[in-house]
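From first to last, the protein sequence lines are chains L and W.
Take the first sequence: its position 127, counting from 1, is numbered 127 in my numbering, and each next residue is one higher.
Take the second sequence: its position 50, counting from 1, is numbered 50 in my numbering, and each next residue is one higher.
There may be inaccurate statements among the hints.
Quick list of simulated restraints, FRET-style, between CB atoms [claimed, not checked]:
| no. | chain 1 | residue 1 | chain 2 | residue 2 | range |
| --- | --- | --- | --- | --- | --- |
| 1 | L | Met6 | W | Asn116 | 25 to 35 Å |
| 2 | W | Glu24 | L | Arg175 | 22 to 32 Å |
| 3 | W | Lys29 | L | Ser97 | 27 to 37 Å |
Which residues of chain L face chain W? A few of them, derived with a C-beta cut under 10 Å, are [to be verified]:
| no. | residue |
| --- | --- |
| 4 | Ile39 |
| 5 | Asn42 |
| 6 | Glu44 |
| 7 | Leu57 |
| 8 | Asp82 |
| 9 | Leu86 |
| 10 | Asn131 |
| 11 | Tyr137 |
| 12 | Asn140 |
In silico DSS-like cross-links for lysine-lysine, where the CA-CA straight-line distance does not exceed 27 Å [to be verified]:
| no. | chain 1 | residue 1 | chain 2 | residue 2 |
| --- | --- | --- | --- | --- |
| 13 | W | Lys29 | L | Lys34 |
| 14 | W | Lys15 | W | Lys169 |
| 15 | W | Lys217 | W | Lys103 |
| 16 | L | Lys174 | L | Lys128 |
| 17 | L | Lys169 | L | Lys128 |
| 18 | L | Lys180 | L | Lys34 |
| 19 | L | Lys174 | W | Lys15 |
| 20 | W | Lys224 | W | Lys209 |
| 21 | W | Lys240 | L | Lys34 |
| 22 | L | Lys253 | L | Lys227 |
| 23 | W | Lys231 | W | Lys217 |
| 24 | W | Lys106 | W | Lys217 |
| 25 | L | Lys8 | W | Lys64 |
| 26 | W | Lys217 | W | Lys29 |
| 27 | W | Lys36 | W | Lys156 |
| 28 | L | Lys128 | L | Lys180 |
| 29 | L | Lys27 | W | Lys36 |
| 30 | W | Lys240 | W | Lys29 |
| 31 | W | Lys7 | L | Lys169 |
| 32 | L | Lys174 | W | Lys7 |
| 33 | W | Lys224 | W | Lys29 |
| 34 | W | Lys106 | W | Lys64 |
| 35 | W | Lys36 | L | Lys8 |
| 36 | W | Lys36 | L | Lys34 |
| 37 | W | Lys36 | W | Lys240 |
| 38 | L | Lys253 | L | Lys177 |
By construction, these hints were calculated from the structure, which means they are not laboratory data.
Where is the CB? At the ideal position from N, CA and C, for every residue including glycine.
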Amino acid sequence: MEAMDMIKTAYIRGLLAKGTREDGRAKGDFRSIKISAGILQNAEGSAQVDLGATRVLAGVKLDLGEPMEDTPNEGAVAMSADLLPLASADFEMGPPSPDAIELARVVDRGIRAGRCVNTESLFIEEGKVWNIYVDIYVLNYDGNLFDASEIAAMSALLNTKVPEYENGKVIREKRIKALKVDNMVTSVTCAKIDGGIVFDPTGNEETAAQARLTVATDGQYIRAMQKGLGGSFTQQEVLDVANGAFERHGMLKNAIESSM
Amino acid sequence: MASKANKPELIVNGKRLDGRGFRELRPIKIEAGILKNADGSAYLEWGNNKVLAAVYGPVEAQPKHMADPTKAIIKCRYSMAPFSSLSEHGRSGPNRRAIEISKVTKEVFENVVMLNEFPGSQINIFIEILQSDGGTRAAGITAAAVALASAGLHMKDLVYAVSVGKIGKELVLDLDMIEDNYSDSDMPMAISPRNGGLLLLQMDGEYTKEELAEAIKIAAEAGKTISKVQKDALRSVYEKVEERYNGE
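So here's chain L without its partners, still in its complex pose:
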C-alpha cells in the first residue's frame, strides 16, 4: 500500500496547490451530513450517520449492573469502536487496532467531559444501576471518523429508551422512558496538508495529512481535543480550528435534534 499512499498524497497535494479538493470543496467546507436515528429495534438506541461517503452506525445497549465504589448512585457509560473490515480494504480482521481504540476514547472524552449522559438517572436501587454500552460501527470509511462517530454516538444516546425494571426483572420489550441527556457535544476535525488546513478531510486527504486535529464542544466550552499523526499545529491554527468547532456546533446540534 506504500505506493498507493504516495500516489494519493501526490494527487491531494496537487489539487490543494491549485486551490481545490478532490470533491471540489473549499478548505473550510464540510460534506453533507445525514443522520438516521432509531434504525435498529433490538438496540435501546441507534443512529447511522453518513458524512459524505463515510458511514458510521452507533448502537446503544443498557445492562443491569453494580455501581462503581466511588459513585454508588450513578451508572456508567462505556464506549467502543470497531473499524469493521467491510468498511475499507485497509481495515483488517482481528483485535481492535490502536486507531479504533483512539477513536472510541476521543468520542468518549467529549461526551463524558460534556456530562451529556445524566449518569444519576441510571440509578435504579441500592447496588443496582444501568450501565450504558455505546458501540460505534464503522461501515464505510472515507475520512473523518471522529466527527461522524461523535455525532452518531450523540444521536444514538438521544434516541435511547430505558427498559422498564419491575420486581427485579428487566423488561426489554417495554421501553418508554427516554434516556436523560443533559448536554450535546459535537466535534470538528481538520487535517494539515502541506501547511494548509482542510476541514472534514476525506480518506485520501487523511492519507496525505501530516497532522490531524479534533475539537469537541458543547457550544459553551471546549470539551475534548485530540491531535493525531506526526506533524504539528501552530497556536493560531489550533485557535482557528476551535473557532470552527464552535461555529459548526449549532448547525450539528440542530441536525441531531431534527433527526429524532
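For chain L, the structure is supplied; the task is to place chain W on it using the hints.
Here is chain W on its own, set in the frame of chain L:
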C-alpha cells in the same frame, strides 16, 4: 433449543406466534451494492434480522504461505454486533459460535465461486449481523451470495439459505428467534438452486428420515421466493445505472 422449562406455546390455533403459516417465510428485502468501498455488498432485512455483507477481492493472498497457486482462497468473517440482540450487550468480535458459522459459510462459497480464475489470490467475505432475530446464518449466506454477485465474481450459482425446524410434530419454515430458542429441531441449509445441491447442512434436535426428506423439499420450495428477491436486488442495481445512463 434452550431449556424446555417455561416453553411458550409456539403454535396457537394452527398459526405461529407471528401469525405465519407453517410453510411461510418472513418478509425478505435485499439491496445490493450499498457500501461504497467494498467491491460488492448487500444489505438484507429478513423479518427482524438486519444484515450487511461485503466482499473485497480478489486481492493478493495474505499471508503468502496461505496462497494457492491453482486457485483463489476465501476468507470469511461472520460477526454479531454487540447491540444486535434484544437481550444484554454482547461481546465484541467473533466467539466460538461465530467462528464455526464463518467456517461453514466459507465452505458454501468455495463450492460456487470460480476460484480457479484467480490463482494466488484471496476473496474476503464479511457478514455483520446488525440486528438478530433467528436464522442469522441463513440470512448472512443469502446476503453474501448477492454481495459476491455484485462484486462481479463468476459463480456457478446464486446460493440461498434458509432453515426448516420442527415444533411439536409440525415442520416449520424459517424459524424466528423465539421459535429457534424453543423448537424441537432446527436445520439450516444452503442450497444451490440450479441442481438442488446442499452446500450447508446443519441440524440438531430430532428428525425422522421422512421428516428430513420433507424438510429439504420445504426449503427448496421456499428457495424460489428467496432466489427471486436476490435476483431482483441485483437487477435493480443495473436498472438504476441504466436510468442514469438514459438521463431519467
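Query raised in the report: So which of the earlier hints does this model not fit?
Result: Every hint satisfied by this model.
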